[in-house]
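Put chain S on the given structure of chain D with help from the hints.
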Amino acid sequence: MSRVELRALSKTFGPVHAVRDVSLDIPDHSFVTLLGPSGCGKTTTLNMIAGLERVSRGEILLDGRPITGWAPHERGMAMVFQNYALYPHMNVFDNIAFALKLQRRPRDEIDRRVRATAEALELGPLLGRRIAQLSGGQQQRVALARAMVKEPRVFLFDEPLSNLDAGLRTRMRVEIKRLHQQLRTTSIFVTHDQEEAMILSDFVAVMRDGIVVQYGPAQEIYRRPSHLYVATFIGKPRMGLVAGQLRAAAGNVELVAEGLHLRWPLDGPPPPALAAGEREVLLGVRAEDARLGPPGAEREGFTGEVELLEPLGSDTYVEVRRGPHRLTARVEPDSAPRIGDQVSIRIPWGRVHLFDAASERRVN
Amino acid sequence: MSRASPLIRPVTVYALVALVLLWTVAPVAWIATMSVQPEINYVSVPPRLRLEQTSLRWYAATLASPEFVGAMRTSALVSMATMLLCLTLGTLAAYPLARLNVPHRNLYLTLSVTARMVPAMILIIPMFLLLRSLQLLDTHLGLIAVYTAFLLPYVIWMLKNFFEQVPYALEAAARMDGCSRLGALVRVIIPVTAPGVVATAVFAFIGAWNEFLFGLILSTRLAVPVTVKLSSLVSTTFHSDTSLVAAAGMLALLPPVLLVFVLNRFIVRGLVEGMKY
Chain D
1 MSRVELRALS KTFGPVHAVR DVSLDIPDHS FVTLLGPSGC GKTTTLNMIA
51 GLERVSRGEI LLDGRPITGW APHERGMAMV FQNYALYPHM NVFDNIAFAL
101 KLQRRPRDEI DRRVRATAEA LELGPLLGRR IAQLSGGQQQ RVALARAMVK
151 EPRVFLFDEP LSNLDAGLRT RMRVEIKRLH QQLRTTSIFV THDQEEAMIL
201 SDFVAVMRDG IVVQYGPAQE IYRRPSHLYV ATFIGKPRMG LVAGQLRAAA
251 GNVELVAEGL HLRWPLDGPP PPALAAGERE VLLGVRAEDA RLGPPGAERE
301 GFTGEVELLE PLGSDTYVEV RRGPHRLTAR VEPDSAPRIG DQVSIRIPWG
351 RVHLFDAASE RRVN
Chain S
1 MSRASPLIRP VTVYALVALV LLWTVAPVAW IATMSVQPEI NYVSVPPRLR
51 LEQTSLRWYA ATLASPEFVG AMRTSALVSM ATMLLCLTLG TLAAYPLARL
101 NVPHRNLYLT LSVTARMVPA MILIIPMFLL LRSLQLLDTH LGLIAVYTAF
151 LLPYVIWMLK NFFEQVPYAL EAAARMDGCS RLGALVRVII PVTAPGVVAT
201 AVFAFIGAWN EFLFGLILST RLAVPVTVKL SSLVSTTFHS DTSLVAAAGM
251 LALLPPVLLV FVLNRFIVRG LVEGMKY
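Note that the protein sequences, when read in sequence, are chains D and S.
Per this note's numbering, residue 1 is the first one in the first sequence, and the count goes up by one each step.
Per this note's numbering, residue 1 is the first one in the second sequence, and the count goes up by one each step.
With the rest of the complex left out, here is chain D (with noise of 0.2 angstroms):
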């Protein structure tokens, strides 16, 4: 049982604050990343866990039990960071024993303990090396296997893939997740990728000036993201948006924009967010919800210029422009227009996401 429970946790430095009244619940076996962009509190937030840094106000919680004001090493955390911070003045062995020599293990179960962990991380014949002769890769893993050798409660990893290269990073990516299927351990993970988020986590903490903005599944936080600042950190290509007024007229829903006049049939009453009559939106929509079509077709959509494509191989990107508005669709490779066609784009209403222009937060 390892359920990390954060309350009201705050960080000030002098009069900046750096981390403001974050809770979260972060469930036993869970992988969960705080994701934001440099300087959101996302990193100050994880050493506040791990005891690197002192809590302001609040309290943390580890299966129940406050850990506020305890040691770093004795909450049974253990850190992966990310310059990998070996001891650059021992083999890889010794930074692997280093904790449980501090514990006063006996030799051999040191021995045997680092040595299960070096190969489990295949690092079995670099145990004499010095850290200076590996490569980043290896020093990752040695990083990994540092942090592992010590069975912690909980794994802090620290934007630990953000020094290898791209094709290094997306295979060590998949070995944390397989590690992290395998131990089952506790996983807190912060990020600025979030393509690194959603692959890995089952819940993520978006965060933006020491706030977490929404807190949840993975899916739910693509799916539903519930600011206008998450929508568009997560998921790529950047969702498109259109700003306008929405209103429900003579059983449509309209959105009236610069050089627009959307409309959508209505089924039944207006939906809540026209509660109050007509207000400033935007509307957003993901570029695999939005469809293209023939030109000319304007219900539910409008038609535009192709004005960028972005072929991935699998799929290829649309970028459609009408006036001020940008949208992208995706659309097979093969059924890809051309730069300078016109083309239609429609968006089920089913899938808009609509966020208030005054408070940005979601409104359906």
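Hints are computed from structural coordinates only; laboratory data are not their basis.
Please note that a few of the clues may not be correct.
[Stated by the list, open to error] Among chain D residues calculated to face chain S with C-beta under 7 angstroms, some are:
hint: 1; residue: N83
hint: 2; residue: P88
hint: 3; residue: H89
hint: 4; residue: N91
Ideal Cβ placement from N, Cα and C applies to all residues, glycine included.
Chain S in isolation, oriented as in the chain D frame:
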């Protein structure tokens, strides 16, 4: 021009290096020669080097002088103690200044070094009175205290700079692995900065070993450092024989040189491998 240029550069560089070497090594070589030749050979004009007259007897005579050997012992003891004290206190002061959020730390650093900008001559009388009232005049402890006070600000400043270069994550990793802050300092930060720490130690040792002015004023008989003894040899005991003074000078040169030789291993290793974190 284009043909000659590949040679011009190295030749210029080596010529300049040779010039600097000559400038620094020549006086030492001169004294070394003096210490194994009779005085008459080098005071004559032009000086003559007679290899058949080369002898170590002036060294033997110097080492037979209990006063000189006592001064060497005093200097060794005082310098070692000063070095160790500076390293210990310096580390404990430099670490928080480098790592912790110490209020007014820049003010402290600036003040501590500004205090050292005052010429030593100005401080000598207050120091004398202070040591007298503490009954530390002419004692090893008195010299150690004064030397440490003078060298410590530099040592702190140097160590602080070395410690600051250690990435924060390295210390964080050590603390996650079970070290206290002090444990992380001893087990990780100091070993990682070993070349820098060793260089600082050498600096402190040489600073104490070469000190002259305070030794001259604060010690009279029981705790006279070798620098002071040397100067008194010139004017008194060995007056008759400059070769003896030269031999004594060479002997006084030996401990710092030996120390650098022994510790060079660390310093060079640090330079060759680079400070890889």
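To see whether the hints hold, each was checked on the structure:
Evaluation of the N83 of chain D hint against chain S yields a held restraint, the C-beta minimum of about 6 angstroms falling below 7 angstroms. A cut of 7 angstroms between beta carbons decides the hint on P88 of chain D: the least distance to chain S is about 5 angstroms, and the hint holds. For H89 of chain D, the suggested interface contact is upheld, since its CB lies about 4 angstroms from the closest CB of chain S, less than 7 angstroms. Annotation: interface hint on N91 of chain D violated; nearest CB of chain S at approximately 13 angstroms, more than 7 angstroms.
Hint 4 from the earlier list is the only one contradicted by this structure; the remaining hints agree with it.
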